[in-house]
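There are 2 protein chains.
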Amino acid sequence: MQRYKCTVCYDGTLFSGYQVQPGKRTVQSEIEAALKRLHKGNDVKITASGRTDAGVHAKGQVIHFDSSLFIPEDSWVKALQANLPDDIVIRRVERAESDFHARFDAVGKEYRYFVRLAQEKDPFTRHYQFHFTYPLNVERMRETASYLIGTHDFTSFCSAKSEVVDRVRTISEIELIEEEELLLFRFSGNGFLYNMVRILTGTLLEVGRGLRNPEEIPQILNGKDRQLAGKTAPAHGLYLWKVFY
Amino acid sequence: MQRYKCTVCYDGTLFSGYQVQPGKRTVQSEIEAALKRLHKGNDVKITASGRTDAGVHAKGQVIHFDSSLFIPEDSWVKALQANLPDDIVIRRVERAESDFHARFDAVGKEYRYFVRLAQEKDPFTRHYQFHFTYPLNVERMRETASYLIGTHDFTSFCSAKSEVVDRVRTISEIELIEEEELLLFRFSGNGFLYNMVRILTGTLLEVGRGLRNPEEIPQILNGKDRQLAGKTAPAHGLYLWKVFY
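Going down the list, the sequences are from chains R and S. The opening position of the first sequence corresponds to residue 153 in our numbering, with each subsequent residue numbered one higher. The opening position of the second sequence corresponds to residue 153 in our numbering, with each subsequent residue numbered one higher.
Simulated from the structure, these hints should not be mistaken for lab results. Hints are supplied without guarantee of correctness; some may be wrong.
[What the hints assert, rightly or not] Taking lysine-lysine pairs in the DSSO-like style, the calculated list, with each CA pair at most 30 Å apart, reads:
#: 1; chain 1: R; residue 1: K176; chain 2: S; residue 2: K176
#: 2; chain 1: S; residue 1: K273; chain 2: R; residue 2: K394
#: 3; chain 1: S; residue 1: K273; chain 2: R; residue 2: K192
#: 4; chain 1: R; residue 1: K230; chain 2: S; residue 2: K273
#: 5; chain 1: R; residue 1: K273; chain 2: S; residue 2: K197
#: 6; chain 1: R; residue 1: K211; chain 2: S; residue 2: K211
#: 7; chain 1: S; residue 1: K192; chain 2: R; residue 2: K273
#: 8; chain 1: S; residue 1: K192; chain 2: R; residue 2: K230
#: 9; chain 1: S; residue 1: K273; chain 2: R; residue 2: K211
#: 10; chain 1: S; residue 1: K383; chain 2: R; residue 2: K273
#: 11; chain 1: R; residue 1: K230; chain 2: S; residue 2: K211
Make the full structure from the sequences, and use the hints.
Now the structure itself:
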């Protein structure tokens, strides 16, 4: 058996998220089905760095799996790709140590969130950027971001549905980049809770619109209550961009 | 009755082209259905500047229609949009002279074709750019374009299925713009035959790859035979960009 580390890109639009769910089209089921075909009908389980929700995209999701097939690294990409639909793209397959673990070995992640600032609708980006029509004060959003950076209990920025107990995470960077009609958010940290990036984005957008003040953030964090933070921004603007090991 | 000129943008991916076809989802049927709802069940026919094929996009398609509804121009956009799926976007509705005709009054059109030059596949642009993995000599392509500009009989660059008799058209401009991994083609002219932009693009790409020479173009034009020109480039890279009146 050889363990492989595999970097995957996918358009989340037509998936019910990453994780296998009975009767649903998911990223995991598609990749496992492709591996099963390559392994003559034998099941091969994959493990990802983490799940992504329905509609969320990935530029650099990482998974691992074990295989007894003798295939050179380069040919793995082609072999897998040939068995996958075109909304999943295999970017890289590398041999890994037998104890490499896509989730437990991840030391950090980068997420990006794309907001399209324009009045007119655009059919071409409707699944790939969140269309936002209100004017934004980006400087105030950057000020808000500075309160979020660091190590905090992010309970207020975590879906109430989450069952994770330890909600302390470290955000190392939140960068807001303005590029013509696009506002790009880059979030880097050692880990993110369920819906955390979308709630952070939603809250930052509320500050940008003038509905909240940057100074509220410490209270929101201290309150440890999901109700205190802003709305969850829609899934389709979010990309799992990179996983660090 | 008031005649309206309406500018429409659509993502062609999920349409069987522009024109009504029984049992198929088309742009024309969706817009006519929206107008019918606004007109209490009465049919309203629309006329476009021309058809687009399945998978072909439009940034600035123009249509006209007549209506007896009293709606201010601004409200027309909202009223129509509220009745349309999100892969069609109404950009503008303007009152027009009663004899304005979206097809007959068009004096020129601009089409754009997007080619993505990269080795790696990209799931996000799969419906919006033609992914081309061969290296291209863009200077040779520009040289080829210079033979195509002007007034010619474009029979060799027209689908053999076309029933149009007069195949003389004037191309005023073919511009090739390189932008990172993108190669953008801009075609402007007084009119384009069935599949003409896609065959022009396919032929230019064959020159770029070194499969043909720029000097072949005059012979191809003179031969008036579709077989002489290059392959038809795929629909999903093509955009009807603007119609001139």
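Do the alpha carbons of R:K176 and S:K176 lie within 30 Å of each other, as the hint requires? holds, 26 Å
Hinted pair, alpha-carbon criterion (30 Å max): S:K383, R:K273. Please report holds or violated. violated, 34 Å
S:K192 and R:K230 were given as a pair; does the straight-line alpha-carbon distance stay at or below 30 Å? violated, 55 Å
Is the straight-line distance between the alpha-carbon of R:K230 and that of S:K211 30 Å or less? Outside the cut-off at roughly 35 Å; violated.
Assess, step by step, whether the Cα of S:K273 is no farther than 30 Å from the Cα of R:K192, and give holds or violated. holds, 26 Å
Hey, R:K273 versus S:K197, does the alpha-carbon distance stay inside 30 Å? holds, 24 Å
Would you mind confirming whether the straight-line C-alpha gap from S:K273 to R:K211 stays at or under 30 Å? holds, 12 Å
Could you grab the alpha-carbon distance between S:K192 and R:K273 and see if it respects the 30 Å cut-off? holds, 26 Å
Under the criterion that the straight-line Cα-Cα distance not exceed 30 Å, is the pair S:K273, R:K394 satisfied? holds, 17 Å
30 Å limit on alpha-carbon distance, applied to hinted pair R:K211 and S:K211: Holds - the C-alpha atoms of S:K211 and R:K211 are around 27 Å apart, at most 30 Å.
Decide if the proposed pair is consistent with the structure: R:K230 and S:K273, CA atoms, cutoff 30 Å inclusive. Holds: R:K230 and S:K273 sit about 11 Å apart, inside 30 Å.
In summary, the structure is inconsistent with hints 8, 10, 11 from the numbered list given earlier, while agreeing with the others.
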